[in-house]
Amino acid sequence: MSLNEIIAKKFSSWEKNVLEKLLKKFPERQKEFLTASSEKVERLYLPFENEQEKYIRDLGFPGEFPFTRGIQPTMFRGRLWTMRQYAGFGTAEESNQRYKFLLSQGQTGLSIAFDLPTQIGYDSDHPMSEGEVGKVGVAIDSLKDMEILFDGIPLDKVSTSMTINAPASVLLAMYIAVGEKQGVPREKLQGTIQNDILKEYVARGTYIFPPEPSMRLITNIFEYCSGELKNFNTISISGYHIREAGSTAVQEVAFTLSNGIEYVKAAVNAGLDVDSFAGRLSFFFNAHNDLFEEVAKFRAARRIWAKIMRDKFSAKNEKSLLLRFHTQTGGSTLTAQQPDNNIVRVAIQTLAAVLGGTQSLHTNSRDEALALPTEDSVRIALRTQQIVGYESGVTNTVDPLGGSYFVESLTDSIESEAQTYISKIESLGGMISAIEKGFIQKEIQDSAYKYQKDIESNERIVVGVNKFSVEEKPPKGLLRVDPKLRDLQIKKTTEVKKNRNNEKVKKNLSALKVASSDPNANLMPFIVDAVKEYATLGEICSVLRETFGEYKENIVL
Amino acid sequence: MAKKRILIAKPGLDGHDRGAKYVARALKDAGYEVIYTGIRQTPEAIVSTAIQEDVDFIGLSLLSGAHNELFPRVVELLDNKGAEDIIVFGGGVIPIDDFDYLKSKGVKAIFTPGAQIKDIIDFIELQN
Numbered sequence: 198m199s200l201n202e203i204i205a206k207k208f209s210s211w212e213k214n215v216l217e218k219l220l221k222k223f224p225e226r227q228k229e230f231l232t233a234s235s236e237k238v239e240r241l242y243l244p245f246e247n248e249q250e251k252y253i254r255d256l257g258f259p260g261e262f263p264f265t266r267g268i269q270p271t272m273f274r275g276r277l278w279t280m281r282q283y284a285g286f287g288t289a290e291e292s293n294q295r296y297k298f299l300l301s302q303g304q305t306g307l308s309i310a311f312d313l314p315t316q317i318g319y320d321s322d323h324p325m326s327e328g329e330v331g332k333v334g335v336a337i338d339s340l341k342d343m344e345i346l347f348d349g350i351p352l353d354k355v356s357t358s359m360t361i362n363a364p365a366s367v368l369l370a371m372y373i374a375v376g377e378k379q380g381v382p383r384e385k386l387q388g389t390i391q392n393d394i395l396k397e398y399v400a401r402g403t404y405i406f407p408p409e410p411s412m413r414l415i416t417n418i419f420e421y422c423s424g425e426l427k428n429f430n431t432i433s434i435s436g437y438h439i440r441e442a443g444s445t446a447v448q449e450v451a452f453t454l455s456n457g458i459e460y461v462k463a464a465v466n467a468g469l470d471v472d473s474f475a476g477r478l479s480f481f482f483n484a485h486n487d488l489f490e491e492v493a494k495f496r497a498a499r500r501i502w503a504k505i506m507r508d509k510f511s512a513k514n515e516k517s518l519l520l521r522f523h524t525q526t527g528g529s530t531l532t533a534q535q536p537d538n539n540i541v542r543v544a545i546q547t548l549a550a551v552l553g554g555t556q557s558l559h560t561n562s563r564d565e566a567l568a569l570p571t572e573d574s575v576r577i578a579l580r581t582q583q584i585v586g587y588e589s590g591v592t593n594t595v596d597p598l599g600g601s602y603f604v605e606s607l608t609d610s611i612e613s614e615a616q617t618y619i620s621k622i623e624s625l626g627g628m629i630s631a632i633e634k635g636f637i638q639k640e641i642q643d644s645a646y647k648y649q650k651d652i653e654s655n656e657r658i659v660v661g662v663n664k665f666s667v668e669e670k671p672p673k674g675l676l677r678v679d680p681k682l683r684d685l686q687i688k689k690t691t692e693v694k695k696n697r698n699n700e701k702v703k704k705n706l707s708a709l710k711v712a713s714s715d716p717n718a719n720l721m722p723f724i725v726d727a728v729k730e731y732a733t734l735g736e737i738c739s740v741l742r743e744t745f746g747e748y749k750e751n752i753v754l
Numbered sequence: 525m526a527k528k529r530i531l532i533a534k535p536g537l538d539g540h541d542r543g544a545k546y547v548a549r550a551l552k553d554a555g556y557e558v559i560y561t562g563i564r565q566t567p568e569a570i571v572s573t574a575i576q577e578d579v580d581f582i583g584l585s586l587l588s589g590a591h592n593e594l595f596p597r598v599v600e601l602l603d604n605k606g607a608e609d610i611i612v613f614g615g616g617v618i619p620i621d622d623f624d625y626l627k628s629k630g631v632k633a634i635f636t637p638g639a640q641i642k643d644i645i646d647f648i649e650l651q652n
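Going down the list, the protein sequences come from chains A and B. Just so you know, the first sequence maps onto residues 198 to 754 in our numbering. Just so you know, the second sequence maps onto residues 525 to 652 in our numbering.
Everything labelled a hint here was simulated from the structure, so no lab data went into it. Don't take each hint at face value.
When the alpha-carbon atoms are kept at most 25 angstroms apart in a straight line, the in silico SDA-like pairs for lysine to any residue are as follows [what the hints assert, rightly or not]:
| # | chain 1 | residue 1 | chain 2 | residue 2 |
| --- | --- | --- | --- | --- |
| 1 | A | K650 | B | A550 |
| 2 | A | K639 | A | P351 |
| 3 | A | K237 | A | S511 |
| 4 | A | K681 | B | Y625 |
| 5 | B | K642 | A | N663 |
Bear in mind that the values here come from a model prediction, so they are computed numbers and not experimental data.
Start from the sequences, fold in the hints, and give me the full structure.
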């Protein structure tokens, strides 16, 4: 008898002689057990048949194809992940203070949150900006604001992630200009722009232009950076917001990687060599509460992407196969009720991200279901990462959950279910077409609807919300953004417009206008020229709006 | 009695539409006539849709913190147009400290994270 047969035989005898008897006396708590994404979980997982073959084929060694166990050979034994808290609110001055605080507390990278007008290409004085200036991030109208934002922060020493999509080219241009003023050469600038427009159409909502010109802007950035900013991640292909919008873990992986495929295709079609830009693609995922499912998700995503890049795009450079990713803990898992409980949720999610081999991490603060986080809350969130990093011991070995029957099995099932979605999207004509058909939106919404129904029917327990709830006093000391800030910001920008060389601004903006109508022109150099003369974000985006038009939401209910 | 008509709307620039879409769909499932505006609507556009669609309620959803500016603006525009019989309620990430202000400006109810659809239905059914 082979060892596999022995295990199978012993298993059936255990089921009959041990398990069945026990179940009669002590039935299980539920008829079936599901992950947070409603995947069925078995009572017990067993060794795989052909365990060794499977190891060689599906796991391999860290830093080697298919990268299931991690993208580097030593992972956190070499260095810990970058601890990077997403922050920004109010004016550039206030945000600059918060960044300096975070750096003084041991944070190792910056992550800039922009307010919604900035993200949608409006200056603070635009009528659509009413009520929104400085609320969910910092307001940036011109290079002047960006200079204040990074005042006293040496751009050759920190890496900066910027959550900016539709106007990513403008904010990148401003970052380059600030670097120049600090005397930092372009190749020394390190960081990431999110620059992922496709998920904006289905999940996040800060689009400006229709898909085609948006994809062109993205390809322009890939091309420009491959020559000039070799250490910059040109895109952060984001599943985070797809998950926050209510998708399952499988959908998060599938839709994110399908977006990735679309970006690579667009760049290759524009004539770029895949290996000239693929190494600078980065990803961004969510970490929710279901620890093992999340770890498996990260491992599966690495494996699928490596295969896509090797087999579909024939990438030759090993760096092109690596799925490097940032993680943020799940905002939608936070509760407004008993907010201190969120510290525990975030700790579990941190563990998931670290056990899944993340390259950088943002941990949410306990009070974020109520308002922007206070300094105290942010400190606890950062300390959570530091405790996992320095005290838990999970960083001492590479991929500690590798070989767990359960985690390997989950990794396999996430990979195969995500592959099914990816093929389905391909058959719909790719991601843009799937978005235009409303397929992605519908899939996400159906998952979100089911999840919420499960909570309302108490099939799913959220501690403090539908079980273990208490009467609570309203929380005190929440951070508030001064509503007068908009006037202040408008005044500042009016001043900038008065003092700049308006002749040059006009000339640069009309050069940009001409270039925008020529599909073969790369717009980055034109945008860099314009921001250096203090053309505002709103002015630049307005030129592009004229040429490109605006995207109209495809409402799917 | 005719089915009550409800407009679910997203004022401002906030793109977080998970809650708004859930509420829209769940109210529809509960038997109401529901219209959803999509994201990035001005208060003017919301009010004009509400009047055009002859709704009984407007549910505003906002997670960006602009509620103190935008919710009262919707109520004010309804009043200006003689449509003050349309009942406005709101939801999203809204600190409890703002409830009194919003209510004083004519927003009838606020639903925050953790609220259930039955709470909203109870509120709707209590209005005459």
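Given pair status - Y625 of chain B, K681 of chain A, alpha carbons within 25 angstroms: holds, 17 angstroms
Given pair status - P351 of chain A, K639 of chain A, alpha carbons within 25 angstroms: violated, 45 angstroms
Distance restraint between K650 of chain A and A550 of chain B, which requires alpha-carbon spacing of 25 angstroms or less: Given that 25 angstroms is the threshold and the Cα spacing comes to 9 angstroms, the pair holds.
Given pair status - N663 of chain A, K642 of chain B, alpha carbons within 25 angstroms: holds, 13 angstroms
Hinted pair K237 of chain A and S511 of chain A, Cα distance within 25 angstroms: Since the Cα atoms of K237 of chain A and S511 of chain A sit roughly 35 angstroms apart, the hinted pair is violated (cutoff 25 angstroms).
Of the numbered hints stated above, those contradicted by the structure are hints 2 and 3, listed in ascending order.
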